[in-house]
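Residue numbers (the numbering used here), protein chains in the order written: chain A, 1 to 255; chain B, 1 to 234; chain C, 1 to 419; chain D, 1 to 295; chain E, 1 to 337.
FYI, nobody ran anything at the bench for these hints, they're computed from the structure. Accuracy of the hints is not assured; some may be wrong.
What the hints assert, rightly or not - To give a feel for the contact side, a few chain E residues facing chain C, derived at Cβ under 8 Å:
{"no.": "1", "residue": "Ser61"}
{"no.": "2", "residue": "Leu137"}
{"no.": "3", "residue": "Trp155"}
{"no.": "4", "residue": "Tyr173"}
{"no.": "5", "residue": "Asp200"}
{"no.": "6", "residue": "Leu223"}
{"no.": "7", "residue": "Ala272"}
{"no.": "8", "residue": "Val273"}
{"no.": "9", "residue": "Gln274"}
Note that beta-carbon positions come from the ideal geometry of N, C-alpha and C, so glycine has one too.
Here are the chains, one letter per residue:
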Amino acid sequence: MPDVDALLVVEEVAKSFGGVHAVDGASFRVPRGSLTGMIGPNGAGKSTVLSMIAGAVAPDRGSIRLDGQEIAGLPSPKTARRGVIRTFQNASVFPHMTVLENLLLGVPPWSGETVAAALFRRHRWHREEAQQVSQARNLLERLGISGMADTFAGQLSGGQKRLVEIGRAMMSRPKLLLLDEPMAGVSRTLAPVIEALIADLRNEGMTVVLIEHELALVERLCSPVVVLAQGRVLMQGEMQEARANPEVRKAYLVG
Amino acid sequence: MLDGVSAGYGGHEIVHNVSIEITPGRIDCVVGPNGAGKSTLLRAITRDAELLAGRIWLQGTEISQTPGNRLVSRGLAWVPQLDDVFNTLTVRENLELGGFLLPRRRVAARIEEMLELFPLLSRLTARVAGRLSGGERKLLAIARALMPSPSALLLDEPTAGLSPEMTNLVLRDQIPRLSESGVAVLLVEQRAIEAIEISARVHVMVSGAVRTSREAQELRGDWDELTRLFLGEE
Amino acid sequence: NSSAGSTGNAQSKSSGVKAAVATTGSVEVAIFHAFSGPNAAYGPEAGAGCYPAERLINAAGGILGHQLVCTPVDSKGDPADAVPAANRMIASSSNLVGVLGGGSDTATSVVPLFQQAKIPVFSTTGQSAFDKTKDTYFWRILSPDAAQGSAMAAAAKKLGFKRVAALFGNDSAAQGSAPTAVSGVKRLRLKVVANQTLAVGQTSYRSEAQAMSTAKPQAIVSEADPQTSATFFSELSQVGQVPKLITDPVSQEPTWRKAMIGAIGKSALDQRDYAVVAYSPMTSQAYKVYTAALLASSKQVSKPSQWDADLYSVADYDSVITMALAMDAAHSTKPGVYNAYITKVTSPAHGATVVHTYAAGKAALAKGKRIQYVGAVGPLAFNRYHNAGNQFAIEQFVNGNWKVSSVLSAAEIRAASGL
Amino acid sequence: MSVFISALGFGVVTAAILAISAVGFTLQFSVTNVFNLAFGSVMTLSGFVAYWLNQVGVDIWLAMLAAAICGGLISVAINELLYEPFIRHGVNLFGMVIITISVGLIFDHGLQAVVGPSFFSYNAPAGKALHFADFVLTRQELAIIAIAAALTAVVQGALQYTRLGKAMRGLAVNPALARACGVPTRSVIALAWFVSGALAGIGGVALFLDISTFTATTGSEFLIVIIAAAVLGGVGSPRGAVLGALVVGVVTEVGGAYWNPQLKDVLAFSVMIVVLLVRPQGLFAQLANERAVAR
Amino acid sequence: MSAGTQYYIATILVYISVNAIASWGLDLQFGVTGVLNFAFILFQAVGAYTAAMLSLGPPSSNGGFQHYPFGVHLPFPVPIIGAMLVGGALSGIVGLITLRRLRSDYQAMVMLVVSVVATVVIESVIGLANGSAGLSLIPNPAHTISGVSRTAQSWLFVGICWLCMVLVGVIMYGLVYSPYGRVLRGTRENEAAIEAMGRDATRARMQVFVIGGAFGALSGALLAEFIGAWAPSDWLYPETFVFFTAVIVGGRGSVSGVAIGAALVCVGVQQAVQYLPIGSDPTVLASLEWIITGLLTMLFLWMRPQGLLPERRRRFSIPELRKLPAVGSEGAVELDA
Ligand SMILES: Nc1ncnc2c1ncn2[C@@H]1O[C@H](COP(=O)(O)OP(=O)(O)OP(=O)(O)O)[C@@H](O)[C@H]1O
Ligand SMILES: Nc1ncnc2c1ncn2[C@@H]1O[C@H](COP(=O)(O)OP(=O)(O)OP(=O)(O)O)[C@@H](O)[C@H]1O
Ligand SMILES: [Mg+2]
Ligand SMILES: [Mg+2]
């Protein structure tokens, strides 16, 4: 029975890659409107869980329900259209396209993206695009890279690519945003920007899942947190509980 | 033996001015968050990343200019973090390639020694390495690196993907034993606490630079201090 | 039509376009054929006809005071390349008076261009599409491929074979004669024990050779390019006996012989091969003049002797001489003018002087006489579709030369073609 | 039945020639990561070297040896002088495909400009046909089959059991680790190119012997079939290449015997496509990992 | 200008437009979307054959010397449109087979094989398209206009071709520089990311396969009508690489660049070689053309991998954006290099 306040329910999902049990029966739920943190040591299976939710990897077993609807095994474009948007752990931009265009690809598929519309409804998509462009510019300004709008994304530094990727995900105004270590490789000056951004998103009511290694940040932002280790969920609860939980503490530092 | 090393890829500097000394019979441990440059540091030693500045010595000889494939004969061995075995070769073939520079007749004997050292591997010799479990695979990678009996060993997260038992075996058992037999070990580990327990010195690396180097005893058991350093809570 | 392959490359003094500019006062005949690609033999083959004619005409003082120049232009053997090449040629030479060209590979696309440009084109295409063409600038001396096929069937009958196999390449040249050859053999009540079409250019025909060997024909009626023939017959000789061969002018091409000798050996080839070719009394005066001029043209034609029995070369020689005489008769080198005189200098007419060389024709015309040029291939009797057609003979290679072993009568060929 | 058996015999001959070349092609790809579409040109060029030697009276089997050495050297030279610099220049896998095509075009047409668009054949009698039940094979064909069997066995065996072979396989999957094991990667890569080129040379001469006449583009035309065999077997796997060659060879000849022989290649290619639809990685695909060609 | 010169110029112009159309088709697939279609020439051929059969009339109509399964005599522009439809449909079928399951390097090789298979089939099964003799006497629509000179007719055909080119060019601009084109480029750049953003990469590839195939077919239809004949020797598989060279030289993904590349490589090189002062041996000239094509490709990949006119970087100018929401504000989005 679907939980009323849970947007996403993950039950007993498992995935192994040629003998490696990356995820081994993980269950947790993501409350609607929450900023759920996901922590765990390297190789705990966080990214794999994320990929399964986003449809990039089909789980071997288990169920994933979004708003009560089963999405496990749905291919990633379809999952994305249901409003689940993810970022990648190694920032994944479109290198030979400008930053602004990268952001525009974040907008959910819109009218200008079919052959007929691209050709015959130019006015309409021009208008829509103009709106999207100004929105994208605002976002770039917020991200502090508005000067880079016309640069090829491939020429950016790692941290800037990350910003572009987050920006792209934000453009899509998803139901569920999955962020895989958005702070990794981001400079100290940019990190607070992203942090503020994520906080804003939560305040605006978006549901976010955040994978992050920096526990202080997780503590500041996330509630609840899901702790993964060795492909299983160790606990789900508040960060303080997690910190206090010796098992978690040991798992996080020791494995 | 590392002196002011800066390294990176394609001219882009990732590791800045790192100096670390490792000595036979001692374990040095490098810890730090993801992307700190730990692996790059090791790759700089093995010539897989560009050495942009600084010099590297191995047992008194400078090896900063030595091509990557000559380092083995100088006694250096390396277990990479990822891609640590030859996926399509069998376990035995992996070990044979590890002993590429050994005299032919030594190879078989040395493989037997390795199998004794890692009994788990002995029933896997005919298996293709790519289909091993993560832990088995890592053991194989370590065994492969040990084939030429190196005098210095670079281990990049040898316990990643290992089960707790396996981790124990590797960290508590094998590595100290190697070290005791006179090998200089440079260990990169995410399992900081366990690594510190077996190490002599700990180097905390953040954003491409060594933030502190301390004797391991100072940190042992002091989780909070370690967490502070390691998680970047200053 | 003739088929692929050659060792000789035509060489002229300067490039096609340059020649037109450099030799003012001269008139130009283009050798518009494939010099590259699978049909690369066509070009040199036509060159072996054009250059001897050029030599003789110029030796006789040229045409109306103009020197004649042969210019090679590569059609590459495919229509898409041939069309721009033809248009470029027409555009860039102001003194182009005639074209040798448009083989079976390109004729349908380029002949209309020459028609438009009002330039006479002497084609060697074997396609039936031109049997009743309305193109007034189109001229064809040799019979179409269909007639060739019938002649091959008639030859099989004449040579007394009962069990006959057909073996043709799937290229356009071979496919021109294949249908009439097969239907002819059937019409003559011979047994067709095998009828094979080879996909040209394959690396092996073992299955086909095996099937052929099993069928045990007394003779194989065949046309295929050198490489295909060589591969097939070399494999046939490995699995069994190579029977007699009834071939077409392709087998007189040096490259075909070279390839086949490599495949089954010279004596084996010469004992078996009966080439059914357009009959021309190769002992005729015109032919002797041609061979002499050909052998003297070694500057422009590499290894000239390899072409001396090649019917297409001979026909191309006759084409150039005919054009030249028509110009003399018309007192004009203008293509649009002299085209109408081509039949006049070749058709038999009462009181016409029969000539066998350009010099003789020119002299007779100068005296105001009407002439009939009887060429190296024989009389050129163009019908109203500008097709001349020819007789056929069976030839064998004896002591280093092609020898006529018998001539096929018109009745014999009619029996095979049913026309 | 006898039709089938004799067709099978012919299939083995075709397969033998294919196997030599396909193993060379695939070996080189797996070790060096360059999809070398100039391979057919190397075959032709070496085949012509053998032709020239043969013309001055050298026995064809000796000439084949010379062609092997020549093919090896040409391959090494192309790699060192062209491919390596381009790779170091940052040209990606797809760009390299285009470059190898260009090199092939330049070779073929350069050769054609020199020798002309003519036909050539070796001076080598095929020998008497030998009958084994329904198999009919000439001495020459038997020799080619023997050479193919020996060569593919040697290559496969060397890869499987010798230290250098293991180094080559190791290099194919993990160059950095191979270097760390002390493998002199540069020389091993050069060796791989040499062996591949030598196989191209032998394959070229065998092909030219078999079809008895050849031109300056014969090798490149045959390359498509080689690729089909290699892809069918799983690019990068010498064992797969041999199996692919067998499938292609037998399907073409048996198919040709029972069906329209003109379409026998089509049949083989269709088999290849169907196999790929069922097993997208080919029959064996152990050495090669997925390589994205386009950007 | 003499009639001959006019024909020559007309020919060049026709070839430029036809090759530009074809190169655009390939550019859409390979340059913009990253699909390596080594069978591209096949779709040009399909277009040519289709147009021929739709305009020649029944096989018996020209004396019955040509064999093809069926034929009708339809007026311009029906054959051309039919060619595009058939070309697109066949493209779709080939795409369904190759694009869905195969990895990209295998895709390329399978395409190459498909191209060869098609040639063998057409040459062997004479009834399909008259074997290697090919189809001829294909009517040129301009020649049916009576009452004008032949020269005028040929210029009319140039007009038809350039009209088609402009139309295809406009479509190319429309597609490439639109949100749709952005999705295509995204597919080329990063498949995982574009799928994570809710776009179906396989579908995008299929679509450009069909559209590009239709463009290829259009070029083939025009070419066949112009030269009046179409045979397997016109579409041997190496011809595809000429288009690849055109795309690389012009600039992958760049609409105007590729048109220039097509003019330069497909027409320019061939014409220029004829004027080279290196003697007359036509054999050498033909070889030289291929050699130059090969060298040009390598030269560009070394010196200027982005091509003559690199793919445009789309900039959105801010000031005009502010003035926007007026309907029909085409100027709002400015394209510059
Ligand atoms: N495609 C794959 N093939 C094989 N193994 C994989 C694959 N993806 C992940 N793994 C393995 O699965 C395990 C979990 O990986 P995952 O990326 O989910 O970890 P993570 O929790 O995100 O770690 P990190 O914090 O380092 O990002 C690891 O051991 C990893 O090596
Ligand atoms: N081959 C490469 N080319 C360019 N940059 C690279 C390469 N490999 C790693 N990097 C970059 O170098 C930085 C340091 O990477 P490195 O692998 O050394 O980190 P690490 O400390 O080992 O991290 P982890 O704990 O995740 O293994 C990262 O930002 C990474 O993106
Ligand atoms: Mg992760
Ligand atoms: Mg690392």
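Outcome of the hint check:
{"no.": "1", "hint": "Ser61", "in the structure": "violated, 12 Å"}
{"no.": "2", "hint": "Leu137", "in the structure": "holds, 6 Å"}
{"no.": "3", "hint": "Trp155", "in the structure": "violated, 13 Å"}
{"no.": "4", "hint": "Tyr173", "in the structure": "violated, 28 Å"}
{"no.": "5", "hint": "Asp200", "in the structure": "violated, 37 Å"}
{"no.": "6", "hint": "Leu223", "in the structure": "holds, 6 Å"}
{"no.": "7", "hint": "Ala272", "in the structure": "violated, 12 Å"}
{"no.": "8", "hint": "Val273", "in the structure": "violated, 10 Å"}
{"no.": "9", "hint": "Gln274", "in the structure": "holds, 7 Å"}
Hint check: violations occur at hints 1, 3, 4, 5, 7 and 8; the rest are consistent with the structure.
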